[in-house]
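2 protein chains.
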Amino acid sequence: MKLENDLLKIAKQAKIASVYLSNVSTDLKNKVLFEAAKGLKENTNLILKANKLDIALSKKAKQTEAFIERLYLNKQRIEKMSDDLRALTILTDPVGEINNMSKRPNGLMIGKMSVPLGVIGIIYESRPNVTSDCAGLCLKSGNAVILRGGKESINSNIAIYNVLSKSFILCGFPHGCINLIESTDRRAVENLLGLSEYIDLIIPRGGESLIRMVVEKSKIPVIKHYKGNCHIYVDEYADLSMAEKITFNAKVQRPATCNAIESLLVHKQIAAKFLPLVFKHLQKAGVEIRGCKETVKLYPGIKIVSEQDYATEYLDLILSVRIVKNLSQAIEHITLYGTKHSEAIITENFSNAMKFFKSVDAACVYLNASTRFTDGNEFGLGAEIGISTDKLHARGPMGLKELTTYKYVVIGNGQIRS
Amino acid sequence: MKLENDLLKIAKQAKIASVYLSNVSTDLKNKVLFEAAKGLKENTNLILKANKLDIALSKKAKQTEAFIERLYLNKQRIEKMSDDLRALTILTDPVGEINNMSKRPNGLMIGKMSVPLGVIGIIYESRPNVTSDCAGLCLKSGNAVILRGGKESINSNIAIYNVLSKSFILCGFPHGCINLIESTDRRAVENLLGLSEYIDLIIPRGGESLIRMVVEKSKIPVIKHYKGNCHIYVDEYADLSMAEKITFNAKVQRPATCNAIESLLVHKQIAAKFLPLVFKHLQKAGVEIRGCKETVKLYPGIKIVSEQDYATEYLDLILSVRIVKNLSQAIEHITLYGTKHSEAIITENFSNAMKFFKSVDAACVYLNASTRFTDGNEFGLGAEIGISTDKLHARGPMGLKELTTYKYVVIGNGQIRS
Chain A
1 MKLENDLLKI
11 AKQAKIASVY
21 LSNVSTDLKN
31 KVLFEAAKGL
41 KENTNLILKA
51 NKLDIALSKK
61 AKQTEAFIER
71 LYLNKQRIEK
81 MSDDLRALTI
91 LTDPVGEINN
101 MSKRPNGLMI
111 GKMSVPLGVI
121 GIIYESRPNV
131 TSDCAGLCLK
141 SGNAVILRGG
151 KESINSNIAI
161 YNVLSKSFIL
171 CGFPHGCINL
181 IESTDRRAVE
191 NLLGLSEYID
201 LIIPRGGESL
211 IRMVVEKSKI
221 PVIKHYKGNC
231 HIYVDEYADL
241 SMAEKITFNA
251 KVQRPATCNA
261 IESLLVHKQI
271 AAKFLPLVFK
281 HLQKAGVEIR
291 GCKETVKLYP
301 GIKIVSEQDY
311 ATEYLDLILS
321 VRIVKNLSQA
331 IEHITLYGTK
341 HSEAIITENF
351 SNAMKFFKSV
361 DAACVYLNAS
371 TRFTDGNEFG
381 LGAEIGISTD
391 KLHARGPMGL
401 KELTTYKYVV
411 IGNGQIRS
Chain B
1 MKLENDLLKI
11 AKQAKIASVY
21 LSNVSTDLKN
31 KVLFEAAKGL
41 KENTNLILKA
51 NKLDIALSKK
61 AKQTEAFIER
71 LYLNKQRIEK
81 MSDDLRALTI
91 LTDPVGEINN
101 MSKRPNGLMI
111 GKMSVPLGVI
121 GIIYESRPNV
131 TSDCAGLCLK
141 SGNAVILRGG
151 KESINSNIAI
161 YNVLSKSFIL
171 CGFPHGCINL
181 IESTDRRAVE
191 NLLGLSEYID
201 LIIPRGGESL
211 IRMVVEKSKI
221 PVIKHYKGNC
231 HIYVDEYADL
241 SMAEKITFNA
251 KVQRPATCNA
261 IESLLVHKQI
271 AAKFLPLVFK
281 HLQKAGVEIR
291 GCKETVKLYP
301 GIKIVSEQDY
311 ATEYLDLILS
321 VRIVKNLSQA
331 IEHITLYGTK
341 HSEAIITENF
351 SNAMKFFKSV
361 DAACVYLNAS
371 TRFTDGNEFG
381 LGAEIGISTD
391 KLHARGPMGL
401 KELTTYKYVV
411 IGNGQIRS
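Sequence order for the protein chains is A and B.
The opening residue of the first sequence carries number 1 in my numbering; numbering runs sequentially from there.
The opening residue of the second sequence carries number 1 in my numbering; numbering runs sequentially from there.
Please keep in mind that the hints were generated in silico from the structure rather than gathered at the bench.
Note: identical chains are not told apart, hence a pair may lie in one copy or across any two.
Computed cross-link-like contacts, DSSO-like style, restricted to lysine-lysine with a CA-CA straight-line distance of at most 30 Å:
1) Lys15 / Lys219
2) Lys268 / Lys293
3) Lys355 / Lys103
4) Lys12 / Lys217
5) Lys227 / Lys268
6) Lys224 / Lys103
7) Lys12 / Lys268
8) Lys227 / Lys9
9) Lys325 / Lys297
10) Lys219 / Lys9
Please read all numbers here as calculations on a predicted model, not as lab measurements.
Between the sequences and the hints, there should be enough to build the whole structure, so can you do that?
Here you go:
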């Protein structure tokens with residue numbers, strides 16, 4: 001009961017603070033960001049001490065090296081967190097614009113005003129920088145935030161949170177604008193996900209199992225991204241040299257990211273000409289190729305691809321290859337195996353490009369460019385709180401604007417309905 | 001198992017059809033709408049015969065008169081359904097626009113293309129016109145639709161559905177663009193709400209209990225509207241004559257609608273002057289007034305209002321009245337009891353109006369106009385599929401545009417990420 005009451009108190013406090021936040025000027029929000037950025041630098045030693053404790057406990061618990069690497073902080077990483085907060089101050093405040101103001105025949109003026117969502121819950125794993133990144137984005141977009149990080153980084157998170165929290169108080173903000181759940185009890189997440197009366201949106205950040213758990217339990221809307229099973233389709237009208245460079249980049253440049261490709265679809269007319277080109281470079285870079293029957297006919301040494309392969313996000317130097325008979329078959333393949341993330345066509349044919357754009361159901365569709373560009377910074381959003389593969393509210397990289405909603409403002413001079 | 005398999009088949013078929021629909025020209029969609037409008041008129045007798053059967057069964061089941069009135073069709077009502085389908089043909093197609101196309105430093109062109117959501121499920125009660133209204137809106141916005149009406153109107157719905165379905169086939173559309181669940185088994189809804197792999201959005205239309213059930217069971221995003229507990233706040237700087245006319249209109253003109261007001265909040269400085277004005281007219285129109293202590297002091301005859309009253313959507317000629325000490329108290333009241341629907345301030349003071357606009361969390365905020373205007377037609381959307389009091393994706397009246405989402409289109413000439 002104590003846990004439940006504590007969470008309810010936090011959520012109610014956040015809801016009240018969200019009304020305050022929706023009225024705050026851009027200058028004042030930026031002031032908190034500057035203070036917080038300064039505070040992180042000034043308190044580097046304190047944060048590093050807390051982080052050492054987390055690291056020691058994780059080593060004792062025999063966590064993997066990759067896990068500890070994600071958890072690890074040093075002076076440079078704290079400086080980066082500080083710089084990222086400061087960078088938010090130069091971004092345009094997404095709140096308060098009134099768009100599409102139109103005049104109705106009866107004289108009513110009706111427009112859409114951009115407003116904060118209200119209270120946003122962030123559920124994440126072990127990276128402590130998420131604490132300051134998300135707090136900064138929520139503040140700049142006028143939202144109250146409730147943070148719930150992984151239990152392995154709890155000491156680091158508390159240290160960072162204390163610095164951020166002080167900056168809010170210093171600038172005269174009420175309690176409740178920024179909240180950290182300090183309980184590492186597993187039931188805290190489940191409890192939090194039921195408080196739909198107070199929390200407007202949940203953003204889970206982490207592995208697929210965390211996200212599935214959140215979606216399963218949540219009574220609050222969730223915006224999420226399970227995985228990126230991305231494809232490149234090389235059309236019969238592709239510039240093959242361009243197609244080769246883009247395929248190589250999308251597979252090899254950073255294979256562990258969600259916007260790297262996992263499968264290559266090639267039109268049968270150009271397969272015999274294109275595949276030798278691209279395979280040579282890929283194999284040189286250590287990429288394992290798994291091909292369909294037709295591909296194996298051309299390259300007898302290659303491992304045969306399975307249905308399971310087509311559905312897998314390798315996040316590794318492995319590539320599925322399928323020769324398709326036409327654009328429609330490529331679209332069908334993506335419809336079946338795609339995860340609504342990023343999909344590319346390489347072609348010089350306008351009609352084929354437009355058909356691909358319209359028919360492929362994904363957050364980002366590309367013509368003649370690498371899927372690796374799906375990213376808030378690359379899209380010019382400045383910073384991102386995550387990537388959405390959902391279809392409601394926001395798709396693709398989510399920046400400050402995606403943390404707002406709108407309300408209709410209706411301005412009259414005495415209009416009544418007859 | 002048969003039911004489950006049937007539903008799965010319908011959902012899969014709809015998903016496949018949705019790819020076709022996302023590529024269809026506006027002219028062709030309008031052709032279906034014209035055919036369907038013609039079909040409804042030509043088959044009036046057939047539809048009325050089915051409706052007679054539903055009415056007879058409902059009378060036998062001792063349904064209320066209000067219930068049977070909602071279910072009832074006649075020649076005029078079918079003509080109205082037909083006219084509403086034809087009216088959709090003149091609305092702008094919301095699909096395929098590319099907005100905010102911008103050029104990145106590396107030459108990539110990035111824009112947002114408006115696209116259909118995919119497959120929309122509509123779960124509704126006894127009004128048979130919902131069948132054709134929703135089918136028309138989904139078609140025009142390029143979405144496949146799965147319709148699930150109340151069991152009491154099943155014969156009417158099947159008759160209407162058959163006419164609509166024929167129009168799709170006549171214009172060369174594949175099966176699956178429009179679907180009606182003919183099983184009246186209660187488990188069908190529950191089953192449907194689990195098919196998140198195939199259905200992109202659920203819109204429930206009906207009473208609060210239907211909607212709560214849908215939200216409880218759904219694994220698919222739901223956009224909804226529980227109720228409208230709407231307020232008017234008469235500020236100390238209000239034009240009192242205007243405030244009186246607006247209050248009367250918002251309470252009396254059609255009290256059973258969700259955008260009628262249930263509570264009146266009055267600044268203490270003008271209460272003694274304003275209340276006699278408005279009470280006289282309201283009481284003459286048969287409105288029962290329930291007042292706070294301060295109101296009762298001024299009008300000893302009036303019934304005292306309860307906490308429960310403040311939280312009630314009367315949908316009737318009853319009005320709660322509270323005298324507040326300032327704008328902040330009015331905002332607090334609305335924050336506590338409002339249902340994020342429509343809220344109005346009557347004032348000539350600009351700062352107060354802006355504070356109200358920013359602080360009140362509602363789909364529609366009004367200055368100096370009646371809340372009764374919250375409506376797709378009044379807002380100039382042409383037609384509406386419902387009103388959303390949610391905060392994600394769409395708020396307020398939802399028209400064709402709100403049945404679409406966007407995808408990022410990224411156009412390059414060989415860009416790779418470094």
